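Following the hints, position chain B against chain A.
Number of protein chains: 2
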Amino acid sequence: MKLSDKIARCDESPIRKFHPYAVAAKKRGIKIHHLNIGQPDIQTPPAYFEALEAFRRPVLEYAPSPGIPELIEAVRGYYARVGVSYGADEILITTGGSEALLMAMLCILDEGDEVLVPEPFYPNYHTFITMAGGRLCPIATSPEENYQFASREKIEPLIHEKTRAILFATPGNPTGTTLRAEEIQLLADIAKERGLYMICDEVYREFVYDGSPLTSAGKLADMDENLILVDSVSKRFSACGARIGALITRNKQLMRGAIKIAQARLSVATLDQLGAAALYGVDAAYFDATREEYRRRRDTCYKKLMEIPGVFACAPQGAFYTMATLPVDDTEAFQLFLLNEFEDKGETVMFAPGSGFYATEGAGKSEIRIAYVLRCEDLERALDLLRMAIERYNAR
Amino acid sequence: MKLSDKIARCDESPIRKFHPYAVAAKKRGIKIHHLNIGQPDIQTPPAYFEALEAFRRPVLEYAPSPGIPELIEAVRGYYARVGVSYGADEILITTGGSEALLMAMLCILDEGDEVLVPEPFYPNYHTFITMAGGRLCPIATSPEENYQFASREKIEPLIHEKTRAILFATPGNPTGTTLRAEEIQLLADIAKERGLYMICDEVYREFVYDGSPLTSAGKLADMDENLILVDSVSKRFSACGARIGALITRNKQLMRGAIKIAQARLSVATLDQLGAAALYGVDAAYFDATREEYRRRRDTCYKKLMEIPGVFACAPQGAFYTMATLPVDDTEAFQLFLLNEFEDKGETVMFAPGSGFYATEGAGKSEIRIAYVLRCEDLERALDLLRMAIERYNAR
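In order, the protein sequences belong to chains A and B.
Mind the numbering: the first sequence is residues 19 to 414 in this note's numbering, read in order.
Mind the numbering: the second sequence is residues 19 to 414 in this note's numbering, read in order.
If you are wondering where the hints come from, they were derived from the structure by calculation, not from laboratory data.
No experiment lies behind these values; they were computed from the predicted model shown.
Because identical chains share one entry, a pair is satisfied inside a single copy or across any pair of copies.
Simulated pairs of lysine-lysine, BS3-like, Cα-Cα distance not exceeding 27 Å:
1) 321 <-> 383
2) 210 <-> 20
3) 383 <-> 44
4) 49 <-> 321
5) 35 <-> 270
Same shape as in the complex, but just chain A:
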């Protein structure tokens, strides 16, 4: 039985595909330090669970397709505090940022259309683009330039008649790169000049470590038709399991298209929306404490990485990821070595091999992505394990 060509073009998650080997290692009694997945260990604000417990209606009904009014209002209020005014009909609540991304792609892409994405990228961008029949066109970057991509020289030669959009996250996953205001403006200028959608994934907005105030591409002038924001409560409130996100745009035609999809899938889970609405009432101190904790982890991670001979990394400015270039030939083979052969005092470490974050064949083979979502003492131990493993791997 034939499957679709597009599903064949999709890859398995490079972050999750080592799972069976991890299970086997755990069965042998090995403790694994997980630097491979962006699952924060920060406590979810209790307001979420309290909102669910306060639900007293006898029937768990469908919610309205665009989202419950309480949550849409909460998101509007949040954006007002960031300095952007959105109408209720410019915010569509989605099942995680993931659904917002897929909806955006389905609304703008037909077979063979292209989306420009700086490389290395969040691998699921590739899947969402491919699901919609499109192609991901990578904008090449390099570790030595701190993965910088916002330049006319890099982007303009890639634009042709099939190019429909530019998609990026800031702060970025997997690089932690955070765009400066003038870089975002440049990307907006290019999108506007060339008639492209600019899809800005801002789910890590709160996680910036240089003290700059919260901001959003939503502040850009004259981008009403071009701009699509993707947002989520997953990282902001450490509520990944809620699966609550949003697609935000002032482009009325695009929103009408997205609403068609929203109606077809009926609604987003009712209770999770109530919980998410309550999360937006959390006070600023929550974010300050969380940001400070991640800043410490970022510093620990960067310092420990740079102490490993032959490792190259840039100090990430945001999110909770960093790419690192290791002195090994192939980080996929090295990850298998870590899970199948290496251990120190019954412990090993997992990361996400770099090649899964690249569309360019052969790129990223010496790189890894680290999610620094562990407490500092665990991070130190995990990176000590990484150093020992590199030595042993190269001494084989």
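Just chain B now, with coordinates in the frame of chain A:
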């Protein structure tokens, strides 16, 4: 800014598009009896809410992409009671039956591929097929034949090289038609002979009123490669707002494809999965009471409909929908009349106009779909309103 061709080909929900007029009517103080939407009023079993309250972990984490083991085991146990044995890796938990349908389409359809669907159909089938780049090819039926479609004469002439699947629900939405075992076998035979997927939407499985035991297309022999089941807790446990469904197949390649999509969207909401797992512990008496209540409603609805001069309907055998042919020229115009002009003692009624359930141009204009999800006394009043409104509409 151009949208995709495929989003332009999608329709707004015919069930939800009269919503603004309903809001306006309510603002004028009109009470609306809602026969237009399949939102049951049956109480959600408290086990759902109790499972959520029992959650005590500090972080609301992502669930595994294929679903939490407790829920997969619950679904397996349920199918074992229906008489079908599924492995844990043959069940993928989805965000409602909706996501299972979209995933199935994305896995099997490329641009221009076709899916055979008996007409009238659940309108969202059209959207999911179109999102995947496919085309819905309607199998024509007629009210006079009780919307019967399982015949070689109707189906075989429609199959050509682009045909990839046959998709249907039994019991059916919007018709309530429930396929006999020999009809399902015939559809399976055709699918097998012609190399088609057979996608069987069984979300209304419990709602059959002729006393026959629970069954599933999963019992068919030799259909491991061809069969995809779509399931959901929404109607079974009156838990529409949980958004928990499943894609079930023994086709390993197809499941690998679906898992790629599942990984890209990360996971289904964690707490809703725990709640849904608890629902499967509800005892058989719950279903018996619910089924008996719906049977009474079905009987009331059918009896009252047949008392209206000029109305034609078939006694629906399952689900909680019926199609009815009215003695009016255009049921969309009639629905607008009901919302904008008609009222009796400050009350009116909503249904879903028939044309939205057809792909064939001009078909279904005199038909409506009724969701008999109200208590019998409210149903009686709603259908009395319908009779009065038909008289007044035709006397204008």
